[in-house]
Amino acid sequence: MKIIIIGSIVFFIVLSSFQVRQKPTLKASMERGEKVYTGTCLACHQADGLGVQRMNPPLVKTKWVQGDKKALAGIVLSGLKGGEIVIDGDDFHNPMPPQAGLLTDQQIADVLTYVRNSFGNKASAVTPADVKAARSAAAPVPAAKSPAKKSVNRKPVKKAPVNH
Amino acid sequence: MYTVRRLFIILSCTFFITCTACAGDTTVVARNNPADIVITLPKGFVSVKTVTDLGRARHLAVAANGDVFVKLDKLKNGKGIYRLHDANGDGKADAVDGFGNFTGTGIAIKNGYLYASTNSEVFRYKMDEKTGKVNEASLQKIVTGLWNRHEHEAKAITLDDAGNLYVVIGAPSNCCQVQDRVKGSPSMDPCPILDSAGGIWQFKADKLNQSYGEGVRYATGLRNVVGLSWNTTVNELYAMQHGRDQLFQFFPELFDQKAGADNPAEEMFGLKKGADCGWPYCYYDNDKKEKLLNPEYGGDRSKAGRCEEKTKSIVQFPGHLAPNALLFYTGSAFPARYKNGAFIAFHGSWNRAPEPQAGYFVVFVPFKDGMPSDKWEVFADGFAGANINRATYRPCGLAQSPDGSLYVSDDNNGTVWKISYTGK
Chain A
1 MKIIIIGSIV FFIVLSSFQV RQKPTLKASM ERGEKVYTGT CLACHQADGL
51 GVQRMNPPLV KTKWVQGDKK ALAGIVLSGL KGGEIVIDGD DFHNPMPPQA
101 GLLTDQQIAD VLTYVRNSFG NKASAVTPAD VKAARSAAAP VPAAKSPAKK
151 SVNRKPVKKA PVNH
Chain B
165 MYTVRRLFII LSCTFFITCT ACAGDTTVVA RNNPADIVIT LPKGFVSVKT
215 VTDLGRARHL AVAANGDVFV KLDKLKNGKG IYRLHDANGD GKADAVDGFG
265 NFTGTGIAIK NGYLYASTNS EVFRYKMDEK TGKVNEASLQ KIVTGLWNRH
315 EHEAKAITLD DAGNLYVVIG APSNCCQVQD RVKGSPSMDP CPILDSAGGI
365 WQFKADKLNQ SYGEGVRYAT GLRNVVGLSW NTTVNELYAM QHGRDQLFQF
415 FPELFDQKAG ADNPAEEMFG LKKGADCGWP YCYYDNDKKE KLLNPEYGGD
465 RSKAGRCEEK TKSIVQFPGH LAPNALLFYT GSAFPARYKN GAFIAFHGSW
515 NRAPEPQAGY FVVFVPFKDG MPSDKWEVFA DGFAGANINR ATYRPCGLAQ
565 SPDGSLYVSD DNNGTVWKIS YTGK
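Chain order of the listed sequences is A and B.
Take the first sequence: its letter number 19 is residue 19 in the numbering used here, and every next letter is one higher.
Convert by adding 164 to the 1-based position in the second sequence; the result is the number in the numbering used here.
Isolated chain A (complex conformation) (with noise of 0.2 Å):
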């Protein structure tokens, strides 16, 4: 019995640790995540991230977000031509481009646990090794320099309001 209380005690204290530990973590990559989404995704997948009517998919509740990390690391790496999605019976018209060149694997894994956290998806975090292994498999391109270039002019993002 005593061992069970003090077991569990024990096991809680390591949960919550873990818990504390974690938290800030995810934090800070949605929060950074959210930088990179306003910077290079909002244009075309829109600040709701629903995306455009047969033109840039919605990141919204579908496989290709909330599924293996792996592939979706990879379509941000490697980019696509237009007309490879499909959901619901449509095809997107619009080219993905590449960003392997432009972002680091940190970034990556920071918008992409951003929007797999996001406009009401759930779904794991994703690393740095993951994009990195992504990146072995998908193409030979070499990760941007970090920090990035930062573009000028930019002006702080107003979120589209919620269509309730």
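The hints are simulated quantities; they were obtained by calculation from the structure and are not laboratory data.
All residues carry an ideal CB built from backbone N, CA and C; glycine is no exception.
Check each hint, because a few of them may be wrong.
[Claimed, not checked] Below, a list of computed lysine to any residue pairs in the SDA-like style, where the Cα atoms sit at most 25 Å apart:
| hint | chain 1 | residue 1 | chain 2 | residue 2 |
| --- | --- | --- | --- | --- |
| 1 | B | K347 | A | E34 |
| 2 | B | K452 | B | G434 |
| 3 | A | K81 | B | D353 |
| 4 | A | K70 | B | Q341 |
| 5 | B | K436 | B | K347 |
| 6 | A | K35 | B | Q410 |
| 7 | A | K81 | B | Q341 |
| 8 | A | K122 | A | E31 |
| 9 | B | K240 | A | K35 |
| 10 | A | K81 | B | M352 |
| 11 | B | K290 | B | H249 |
| 12 | B | K243 | A | K35 |
| 13 | B | K238 | A | G89 |
| 14 | B | K238 | A | T62 |
| 15 | B | K503 | B | K532 |
| 16 | B | K297 | B | G309 |
[To be verified] With the C-beta cut set under 8 Å, the calculated list includes, among others, these residues of chain B facing chain A:
| hint | residue |
| --- | --- |
| 17 | D533 |
| 18 | N553 |
| 19 | R554 |
Based on these hints, arrange chain B on the given structure of chain A.
Showing chain B alone in chain A's frame:
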């Protein structure tokens, strides 16, 4: 407790998005209730919904008996063209029947034939314009083998009175970069795309299986056109160009966020044979009010260079509004100032983000002798609903009925409106 409360707030905020998109790989866009939206019109005009829920209703054509033909970009019950028949004249379709198993955008009626396009071909059926009856077995392929490379793939069509068919072949490209839409990728000069796309091709309206070899490149330097019309009062072709995207994203040192949303202009061109409107080398700057060199080709928002020799547009609109239909009004039911003027249906923008989106309306431009005689004005509005960033209706097609009313289609829900003038 704080965490729980915060969680609750986050959950309630995301509830609407989440609950509309729960099934499998299905993304349902959170949107306004279409039934609640009533479009706004100038005083004296009324609208009635002819049909709803046709899905991707693109362009429209009306037969002499008043039947409306709708081209769908996605099959509905296996059919790609729908005929709307209003038996009692109240504007609402009493019979709706489909035929044709191909999707696309373009549709037109000329000399007893119904023409309809896919994204690479043009077909025609024999029809009786007096009854609206289409002979489905008479299907012929008029044009084939046109570029269909995902981007700007819709093939808008129109016909003149001399037996010619005009087909838009949009450029599968934003600005002819080596790597399309990749920041920093160089643009090609000369742009090789212009040999096969980025213009309007002329074919014979009655010759089978024509392709590039039989066609004539009637006008070039047009990135993408969906609104296309033969103006019968001056016997000339008119087109609405969709201007290039991503000026802010690619050239923030020249275009801030707002300038990137407002530029370049969406332009109307009057086109004579051989016209070159300048894409990909040129764009129209709405702030400078000039046709200038694109930054990819050495432009700095003041140099015009080779653009000085290109065909100039006759009307300019704010950036990215996506003009998807053009119609010259020849009826007499509307007040006299509308006669021979241009109606333009704007599909609405996406590349204005993070600025608010815009468009989603039908505009009118008064015309005299084939040229605009006054500023453009919004004619029909309110299609977007409460959230301009998630429009409920997206205007895409226009057609004029024999009684002088105007039809407008939407390709988000598949609604068609009939707009009439009552004077009240």
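For each hint, the structure was consulted:
Between K347 of chain B and E34 of chain A, the direct Cα distance comes to roughly 20 Å. Compliance with the 25 Å bound is thereby established for this hinted pair. A threshold of 25 Å between alpha carbons decides the hint, and for K452 of chain B with G434 of chain B the separation of about 22 Å falls inside it, so the pair holds. Between the alpha carbons of K81 of chain A and D353 of chain B the distance comes to roughly 22 Å, so the proposed pair stays at or under 25 Å and holds. Only pairs whose Cα atoms come within 25 Å are accepted, and K70 of chain A paired with Q341 of chain B is rejected, the gap being roughly 29 Å.
Taking the CA atoms of K436 of chain B and K347 of chain B, the gap is near 35 Å; set against the 25 Å cutoff, the hint is violated. With a C-alpha separation of about 19 Å, the suggested pair K35 of chain A and Q410 of chain B falls inside the 25 Å cut-off, and the hint holds. Restraint check: the Cα-Cα separation between K81 of chain A and Q341 of chain B comes to about 14 Å, which is no more than 25 Å; the hinted pair holds. As the CA atoms of K122 of chain A and E31 of chain A are separated by approximately 16 Å, the hinted pair is consistent with the 25 Å bound.
Proposed proximity of K240 of chain B and K35 of chain A is contradicted: the alpha carbons are some 41 Å apart, above 25 Å. With a C-alpha separation of about 18 Å, the suggested pair K81 of chain A and M352 of chain B falls inside the 25 Å cut-off, and the hint holds. Among the hinted pairs, K290 of chain B with H249 of chain B is consistent with the structure: their alpha-carbon atoms are about 18 Å apart, no more than 25 Å. Distance restraint check for K243 of chain B and K35 of chain A: the Cα-Cα separation of roughly 45 Å exceeds the 25 Å cut-off, and the hinted pair is therefore not satisfied.
Only pairs whose Cα atoms come within 25 Å are accepted, and K238 of chain B paired with G89 of chain A is accepted, the gap being roughly 9 Å. With a C-alpha separation of about 21 Å, the suggested pairing of K238 of chain B with T62 of chain A holds against the 25 Å cut-off. Restraint check for K503 of chain B and K532 of chain B: satisfied, since their Cα atoms lie roughly 9 Å apart, inside the 25 Å limit. A C-alpha spacing of about 29 Å is found between K297 of chain B and G309 of chain B, which places the hinted pair above 25 Å, so the restraint is violated.
Checking D533 of chain B against chain A by beta carbon gives a least distance of about 38 Å; that is not within 8 Å, so the hint is violated. At a threshold of 8 Å, the smallest CB-CB gap from N553 of chain B to chain A is about 4 Å, leaving the interface hint in force. Nearest Cβ of chain A to the Cβ of R554 of chain B: about 5 Å, under the 8 Å cut. The hint holds.
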